[in-house]
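There are 2 protein chains.
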Amino acid sequence: MASASPLHAEASSEEYARLAPEVYALIQAWMRAGEEGAPVAPYATQDEYRRHLRLRLPDEGEDDAALLAAMREVLEHSVNPWTDRFLAKLYAAPTVASLCGDMLLSAMNASVHVFSASPALTMVEEECVRAFCGLFGFGDGADGVTMPGGAASNTLAVQTALCWAFGGAYRRDGVFGLVQTLTEQYGRTGRGARPALLTGADSHFSVDRAALAAGLGTDAVVHVESDAQGRMCVDALARMLEEMTRDPAHPRGMPFFVNATSGSTVLGAFDELPEIAALCAQYGCWLHVDASWGGAAVFSPRLRGTLLRGTERAQSITLNPHKLLNVSHQCSFLLVQDARALTEHAIHAGYLFHDPTTAHVADRAMKTLGCGRRGEALKLYLTWRRVGTRALGEHIDAGVRLAERLLARIRAHPALEVGPLAEPLFLQICFRPRAMHAGAARGSGAAHAIYAALQRERRFAVDFAPTRDGDYLRLVVHPRTPPAVYDALLDHITALATAEKTTPSC
Amino acid sequence: MASASPLHAEASSEEYARLAPEVYALIQAWMRAGEEGAPVAPYATQDEYRRHLRLRLPDEGEDDAALLAAMREVLEHSVNPWTDRFLAKLYAAPTVASLCGDMLLSAMNASVHVFSASPALTMVEEECVRAFCGLFGFGDGADGVTMPGGAASNTLAVQTALCWAFGGAYRRDGVFGLVQTLTEQYGRTGRGARPALLTGADSHFSVDRAALAAGLGTDAVVHVESDAQGRMCVDALARMLEEMTRDPAHPRGMPFFVNATSGSTVLGAFDELPEIAALCAQYGCWLHVDASWGGAAVFSPRLRGTLLRGTERAQSITLNPHKLLNVSHQCSFLLVQDARALTEHAIHAGYLFHDPTTAHVADRAMKTLGCGRRGEALKLYLTWRRVGTRALGEHIDAGVRLAERLLARIRAHPALEVGPLAEPLFLQICFRPRAMHAGAARGSGAAHAIYAALQRERRFAVDFAPTRDGDYLRLVVHPRTPPAVYDALLDHITALATAEKTTPSC
Numbered sequence: 001m002a003s004a005s006p007l008h009a010e011a012s013s014e015e016y017a018r019l020a021p022e023v024y025a026l027i028q029a030w031m032r033a034g035e036e037g038a039p040v041a042p043y044a045t046q047d048e049y050r051r052h053l054r055l056r057l058p059d060e061g062e063d064d065a066a067l068l069a070a071m072r073e074v075l076e077h078s079v080n081p082w083t084d085r086f087l088a089k090l091y092a093a094p095t096v097a098s099l100c101g102d103m104l105l106s107a108m109n110a111s112v113h114v115f116s117a118s119p120a121l122t123m124v125e126e127e128c129v130r131a132f133c134g135l136f137g138f139g140d141g142a143d144g145v146t147m148p149g150g151a152a153s154n155t156l157a158v159q160t161a162l163c164w165a166f167g168g169a170y171r172r173d174g175v176f177g178l179v180q181t182l183t184e185q186y187g188r189t190g191r192g193a194r195p196a197l198l199t200g201a202d203s204h205f206s207v208d209r210a211a212l213a214a215g216l217g218t219d220a221v222v223h224v225e226s227d228a229q230g231r232m233c234v235d236a237l238a239r240m241l242e243e244m245t246r247d248p249a250h251p252r253g254m255p256f257f258v259n260a261t262s263g264s265t266v267l268g269a270f271d272e273l274p275e276i277a278a279l280c281a282q283y284g285c286w287l288h289v290d291a292s293w294g295g296a297a298v299f300s301p302r303l304r305g306t307l308l309r310g311t312e313r314a315q316s317i318t319l320n321p322h323k324l325l326n327v328s329h330q331c332s333f334l335l336v337q338d339a340r341a342l343t344e345h346a347i348h349a350g351y352l353f354h355d356p357t358t359a360h361v362a363d364r365a366m367k368t369l370g371c372g373r374r375g376e377a378l379k380l381y382l383t384w385r386r387v388g389t390r391a392l393g394e395h396i397d398a399g400v401r402l403a404e405r406l407l408a409r410i411r412a413h414p415a416l417e418v419g420p421l422a423e424p425l426f427l428q429i430c431f432r433p434r435a436m437h438a439g440a441a442r443g444s445g446a447a448h449a450i451y452a453a454l455q456r457e458r459r460f461a462v463d464f465a466p467t468r469d470g471d472y473l474r475l476v477v478h479p480r481t482p483p484a485v486y487d488a489l490l491d492h493i494t495a496l497a498t499a500e501k502t503t504p505s506c
Numbered sequence: 001m002a003s004a005s006p007l008h009a010e011a012s013s014e015e016y017a018r019l020a021p022e023v024y025a026l027i028q029a030w031m032r033a034g035e036e037g038a039p040v041a042p043y044a045t046q047d048e049y050r051r052h053l054r055l056r057l058p059d060e061g062e063d064d065a066a067l068l069a070a071m072r073e074v075l076e077h078s079v080n081p082w083t084d085r086f087l088a089k090l091y092a093a094p095t096v097a098s099l100c101g102d103m104l105l106s107a108m109n110a111s112v113h114v115f116s117a118s119p120a121l122t123m124v125e126e127e128c129v130r131a132f133c134g135l136f137g138f139g140d141g142a143d144g145v146t147m148p149g150g151a152a153s154n155t156l157a158v159q160t161a162l163c164w165a166f167g168g169a170y171r172r173d174g175v176f177g178l179v180q181t182l183t184e185q186y187g188r189t190g191r192g193a194r195p196a197l198l199t200g201a202d203s204h205f206s207v208d209r210a211a212l213a214a215g216l217g218t219d220a221v222v223h224v225e226s227d228a229q230g231r232m233c234v235d236a237l238a239r240m241l242e243e244m245t246r247d248p249a250h251p252r253g254m255p256f257f258v259n260a261t262s263g264s265t266v267l268g269a270f271d272e273l274p275e276i277a278a279l280c281a282q283y284g285c286w287l288h289v290d291a292s293w294g295g296a297a298v299f300s301p302r303l304r305g306t307l308l309r310g311t312e313r314a315q316s317i318t319l320n321p322h323k324l325l326n327v328s329h330q331c332s333f334l335l336v337q338d339a340r341a342l343t344e345h346a347i348h349a350g351y352l353f354h355d356p357t358t359a360h361v362a363d364r365a366m367k368t369l370g371c372g373r374r375g376e377a378l379k380l381y382l383t384w385r386r387v388g389t390r391a392l393g394e395h396i397d398a399g400v401r402l403a404e405r406l407l408a409r410i411r412a413h414p415a416l417e418v419g420p421l422a423e424p425l426f427l428q429i430c431f432r433p434r435a436m437h438a439g440a441a442r443g444s445g446a447a448h449a450i451y452a453a454l455q456r457e458r459r460f461a462v463d464f465a466p467t468r469d470g471d472y473l474r475l476v477v478h479p480r481t482p483p484a485v486y487d488a489l490l491d492h493i494t495a496l497a498t499a500e501k502t503t504p505s506c
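Read top to bottom, the protein sequences are chains R and V. Residue numbering for the first sequence follows my numbering, beginning at 1 and increasing consecutively. Residue numbering for the second sequence follows my numbering, beginning at 1 and increasing consecutively.
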């Protein structure tokens, strides 16, 4: 049937039949180029990209060839994760099953806000939530939702905890209602009648952003010191909790939320959950575990019982399958121990929710503070089916073994020094050359010199990170990345560090 | 090179080369089935879906055939937008250019948080933001970001306005800092020292959720009455603003934010922006325009000067290309008049932002309260190139013409009655049969009877909506949907309403 709109000039299935194979070929060639040695990025500087990439939004539409050229242009000006040499972030190349999932999501174009609009995707999300809750040791009353990223999940955790802890007073009157509750029911006064979040000094900045987003302000976040291995100091946490709780006018406020990190951004440190959970129970705090990075270790039976021991006592957990499970962006989950907490902030909209019961809410937009959502759980679902639970655990274990071997190699090399490390080691190694070019740069300067050289060369992308002992290169060990890539990188860095300095002749 | 992880057992380009054509064929067949008359959904009730769709997350991985079967199963248990008969929501089938964009995004797997990780996608987003800001009449200092949905954009607008209006005091101390500012600098007292958001009674519930998310509480939202056509009453808004501003102890607080709606969810009403903007200027309020649905009318030179007149005076605008421009989910933009406002809530993270200048911030995560983001602007960019600016305007105009014709048809039919309508008409028509089966159900009951019958039959998906005059079927006129579909739907509804009632014999 004919559409009156120029957007729909021909049957979509025909346009798709014509274009999809071309796009697929384009992508496949780009993947292969990455696998076969292409640079990790086409340019080294922002200026170069801005000079070379010419975008345009034309008045008149373009034909297939021009559209395909536009797509090729975007690919050719992008970081190529298929090189396996993009090691700068906590994500790497995605699973092919995710790519398939994205193709389906796009074709279904369903919003996972009400069941009737997205029945299968709703059930897929429910299934993944159920499985994760089981792995983390949550009880039958648990629930969860996907969110567009770890920061969004962490923020929803803070908002959910506020609604749950302070109920209708917070819902209606926000932070004001909360101050009133803290004053009237807890006998708090002055600045002591403000709610406070406690988190480790090494936690992700999204915890601070969550406090800002939720109207508590950045001063509401108490950064508890961490130990040399990047873990929040449990003793310091205990002291802060006791001090803040005992003094009703404590200038840092009243603790209501503790964020523990399972897999910190720089070191990959895991906070000690059983001890922290005990403190949270004692002081009546919501325990949130930001396991955006490290949560995937739950698939490894060994790590589940060590690094992740205690998750079953958390009130909420953030987990990003788009990081360590190689699901494509975005795929993040917020899991909550008590399903009822997730609908505490529900707002009824008659034009949307036709069955506003909160007992078993199949309309999942009731569980977020947003409305429409992409069905991102599908990409995890397909990856999980493709790989299986057991192999997902082996994937993590393989990564940790590789990290241990690389650390041994770095430690054994006289030209390299390691920085602060998580204990036990997870998947990050902070290291740097002791010196560049027989002393031209040392310490942080040596790390920056290598970073700059790698940026220029575009063969490897590796980030640097500040630590308590200065700046280091942060090696992220992605389990999917072939070990040979890391060996080549280490060879190259030591060569760069020990080579004679080549000064351009004037 | 060999990976140590079972997730990466073969070269991705080979796995993709094998699977992508199969997935593409699966999708293409599903699209075609939709175009050729398949039901809009396979089942009528949640129970049926839960009985028939068997999901599983196996211990052992599955081969290609099983993975493809899992994908087919998901498609077969989903709403099929390619039928053109899914008319229940403010989105429809997406452009094929979006589908191509999603394939690329998935393969690039870049997070648009820092320029170095996503150079081309950062520039694509910048280009789309620039073009939209121009169309809406924003000045050179404007900026914007994509967000995962209109609710997220509206929420970021509230948070941005708070940071902008109350600066460091809000950043540090959140709502407390804001009360202090209102008390000390504005002489407000008691409940009057709380910030208030004003919005039309017909606005989207995400404005209430944004107030809750930002820690202001739902009572901070003042719902200004709307007229019979769904527009916020400007006189009532003026009275509220004057009253609340004059009384320093006003129980509803101090106005700081007005949300105007361009294209409301039920009626498609457009608030009168020039008058509202003048009031906002007079009372020092941030004017946000929630143009999630109606903002796409900016492509029509005629509607830009009528329905959208005054956007150039807004401080921020939400626009969802995933609605009326048929870009696939999610694709939403928040545009701001003053770029500096977007970085007011930036929090520095040394491990992420290596160039933390705020003048021209290419690291776009500085502009949101989140961190990683999918490069959703690419799907708009490709759709725009495919169709061109001019035809995007014709797309909207064609939709409005179609809505006008359908309204005339409904009005002319003795068995149908129209409900409240926007004036001028946009793309929604609320209507219902005057009665079912010679009087078996009337009014809202007749609307519900048709809704239930359509649900059962699964040929058309149409939602109902509450209005001031009772419940009506809400016809959403999607410009891309062939006019013949709407004619068939109207024929069918009148047939359902006027048919003899068939009572099952006992």
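Think of the hints as simulated: they come from the structure by calculation, not from any bench. Backbone N, C-alpha and C define an ideal beta-carbon position, used for all residues, glycine too. A couple of the hints might just be wrong.
What the hints assert, rightly or not - Just some of the chain R residues that point at chain V, by a computed CB distance under 8 Å: (1) Trp30; (2) Met103; (3) Gln229; (4) Cys233; (5) Val234; (6) Arg480.
Comparing the hints with the structure gives:
no.: 1; hint: Trp30; verdict: 7 Å, holds
no.: 2; hint: Met103; verdict: 5 Å, holds
no.: 3; hint: Gln229; verdict: 17 Å, violated
no.: 4; hint: Cys233; verdict: 20 Å, violated
no.: 5; hint: Val234; verdict: 24 Å, violated
no.: 6; hint: Arg480; verdict: 4 Å, holds
Hints 3, 4 and 5 from the earlier list are contradicted by this structure; the remaining hints agree with it.
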